[in-house]
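There are 2 protein chains.
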Amino acid sequence: MTLVVAVVGGGQLARMMTPAATALGIHLRVLVEGPATSAARVVVDAPVGAPRSAADVLDLVLGDAERPRADVLTFEHEHIPAEVLAAVEAAGVPVRPGPDALRHAQDKLVMREHLTALGVPCPAWAPIPDAAALDAFLAAHGGPDGQVVVKTARGGYDGKGVRVVRESSEVAEWFAAAAVGGPALLAEEKVPFVRELAVLLARRPSGEVAVWPVVETVQADGVCSEVVAPAPGLDAHVERIALDAARRIADGLDVTGVLAVEMFEVAGTGGGPGSVVVNELAMRPHNSGHWTIDGAVTSQFEQHLRAVLDLPLGDPSPRAAWTVMSNVLGSSLDRLTDALHAVVGADAGARVHLYGKDIRPGRKLGHVTVCGDDLADVRARARAAAATLRGEPAHG
Amino acid sequence: MTLVVAVVGGGQLARMMTPAATALGIHLRVLVEGPATSAARVVVDAPVGAPRSAADVLDLVLGDAERPRADVLTFEHEHIPAEVLAAVEAAGVPVRPGPDALRHAQDKLVMREHLTALGVPCPAWAPIPDAAALDAFLAAHGGPDGQVVVKTARGGYDGKGVRVVRESSEVAEWFAAAAVGGPALLAEEKVPFVRELAVLLARRPSGEVAVWPVVETVQADGVCSEVVAPAPGLDAHVERIALDAARRIADGLDVTGVLAVEMFEVAGTGGGPGSVVVNELAMRPHNSGHWTIDGAVTSQFEQHLRAVLDLPLGDPSPRAAWTVMSNVLGSSLDRLTDALHAVVGADAGARVHLYGKDIRPGRKLGHVTVCGDDLADVRARARAAAATLRGEPAHG
Chain A
1 MTLVVAVVGG GQLARMMTPA ATALGIHLRV LVEGPATSAA RVVVDAPVGA
51 PRSAADVLDL VLGDAERPRA DVLTFEHEHI PAEVLAAVEA AGVPVRPGPD
101 ALRHAQDKLV MREHLTALGV PCPAWAPIPD AAALDAFLAA HGGPDGQVVV
151 KTARGGYDGK GVRVVRESSE VAEWFAAAAV GGPALLAEEK VPFVRELAVL
201 LARRPSGEVA VWPVVETVQA DGVCSEVVAP APGLDAHVER IALDAARRIA
251 DGLDVTGVLA VEMFEVAGTG GGPGSVVVNE LAMRPHNSGH WTIDGAVTSQ
301 FEQHLRAVLD LPLGDPSPRA AWTVMSNVLG SSLDRLTDAL HAVVGADAGA
351 RVHLYGKDIR PGRKLGHVTV CGDDLADVRA RARAAAATLR GEPAHG
Chain B
1 MTLVVAVVGG GQLARMMTPA ATALGIHLRV LVEGPATSAA RVVVDAPVGA
51 PRSAADVLDL VLGDAERPRA DVLTFEHEHI PAEVLAAVEA AGVPVRPGPD
101 ALRHAQDKLV MREHLTALGV PCPAWAPIPD AAALDAFLAA HGGPDGQVVV
151 KTARGGYDGK GVRVVRESSE VAEWFAAAAV GGPALLAEEK VPFVRELAVL
201 LARRPSGEVA VWPVVETVQA DGVCSEVVAP APGLDAHVER IALDAARRIA
251 DGLDVTGVLA VEMFEVAGTG GGPGSVVVNE LAMRPHNSGH WTIDGAVTSQ
301 FEQHLRAVLD LPLGDPSPRA AWTVMSNVLG SSLDRLTDAL HAVVGADAGA
351 RVHLYGKDIR PGRKLGHVTV CGDDLADVRA RARAAAATLR GEPAHG
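As they're listed, the protein sequences go chains A and B. Sequential numbering of the first sequence, starting at 1, is according to this note's numbering. Sequential numbering of the second sequence, starting at 1, is according to this note's numbering.
Here chain A stands alone, though its shape is the one from the complex (with noise of 0.2 Å):
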């Protein structure tokens, strides 16, 4: 039998590590919530289960006399309780990223005491055990709008568990949930920021690391919804703190597969350099990195299995002076492979990728990809297949 690598959940994430399983020979199994989800529909062995259960997860890794047992455990998603991760390991089976540096990724008020113990430079922030410490945060860190962020430590995604506020009472339930048992909440400055930036790298158990060129990411409504790479214009010093904060992340938390460093550049202050922040980090193929599967010598998917299997790691180079990717979020087609034939007899380069989802108001649907020498060219180019693809008419 050839090399197993099972994944927990069943989305985009786990359906596009196929095709980098399928050329190394790497057999994947993938916990999924359902058969008709993202995965499910391209992957053979995709047994449904609940990433909550210990159970559905012990079966997951140790298979039977039909099925061998896992080499390693990894995720496309942070839900997965600590307990269950814990039988995983005493089982015998390797979890990567292994819990403790997980942990960072599924609760960020671990991630911000951690990351600011570890001089990775993070926006002003506090634990907000209740409404009178939001006050206090609030009076100190409100800023010129008299605004802050309140998350919640654990449970978010694409803006979900974020909020800005100018009041205490705009959280209430999120301290009732609290007072009962719910996560806990932690508030940040808002920060002024320039753009925002990503930077993406894999590390091996061994230690080695790799890291892709650093993305600019732009956000709507909090979800990711284009990512140009490498991040242009980006000041050299920028750079460096930017590399050296994911950097100090990876090995500071003992990181292993890929992980994605969500940050804001900041400018400097009186014509100074300018630096960034951290704002979000995952430990799994992320967003801010599908622009690799078209435009990089090797995908964040590859990387990520290469990585959770202790295998070297490849070539991150960017294949392209440019690559935008642009997401489809939402679509008001019945179904997007009927924009097939609009998309790509528009645009010969374009790279699409579907996720094989149902269409809902917003959702993360696919997205499209462009390679080439003019930023402006490619990035109206991903634009207008994507826009396609979400059923708006051709424009100029």
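Hints listed in this document are in silico derivations from the structure and should not be mistaken for laboratory results. No false leads were slipped in.
In this list, chains with the same sequence are indistinguishable; a pair is considered to hold if it fits within one copy or across any two.
Computed list of lysine to aspartate or glutamate pairs in DMTMM-like fashion (alpha-carbon distance at most 20 Å, straight line):
(1) Lys357 - Asp45
(2) Lys357 - Glu66
(3) Lys190 - Glu280
(4) Lys160 - Glu262
Just so we're clear, the structure is a prediction, and the values are computed from it rather than from any experiment.
Start from chain A and add chain B according to the hints.
Frame of chain A, contents of chain B only:
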């Protein structure tokens, strides 16, 4: 539901269609020879059946209450009887390439007759109904070494069904087989070629054609061992003849899908320009096009799916100055994945493609692709990686 492409054949060619199908949101349904074939390991909807069974192929394309009807039927090999194709067309499912085109990839006599009529450069050839005909062909076209090439019109692949002979007795059993309903025979002059070339293109039902650069192919014992894209030092005059021949075949035979035209490059006489003669055709993704996965904007596998669905074709431009694909033919390893660490550790840019097949001597088990600016370096790296996967010790 989404677009559905039905494919006959469960080998590595169907396997390598899966990344493109996944990206485009196309559902693949593949008729496989058994559950452990190369494609069956990675295709969710992979019924077991026989390409020669009209019932099995009709079941593949028509589906049932649970499985939607296919939008088109295509193939990863040519071994499907005409009556099976006719039954599929009668059921209203398009067959691409169509049976009339596919005949030319199934029967070398039909191919030679039609190509000769189209004015495509061919070697001297003749149908060989009996030993006397072969004796006459040997006398006329035996060349300096007195040899000619005898082929079975049907059923050959990878050097099988092809024999270089000096006397008609050397194919005595083929005559005997032909006399009792076995494949007819033809003879061709043994072309004194400089090297072998291949032209790969895709053509839609609408007539749109996209052509990849002419490549050089290297054979070992009748099996492709290496492909260099583009063909180094190709004379512009020869290139034009090669591209024109392939284009004329595609249009003249009304090919839909990917067409591979294998050619011999021949020297000019008296210092004049060289030329090509056509050796073989394949109407499906082909070993000479595996380099396109990593080396071209659009791979042959994606292009084949687009062409048979009559979607606009993708950009076939190369993504690097040089791409070399080296086949892994047989291996002394117990499993190829055991060599992954050594291969990717030695070369972070080597693109490894394993087919998930049981190891047998000489069998096509995978390939490695390397892209770069320096041909000698790229070729050496591709060969070294393939050698490691064959289980050979590292060499300088």
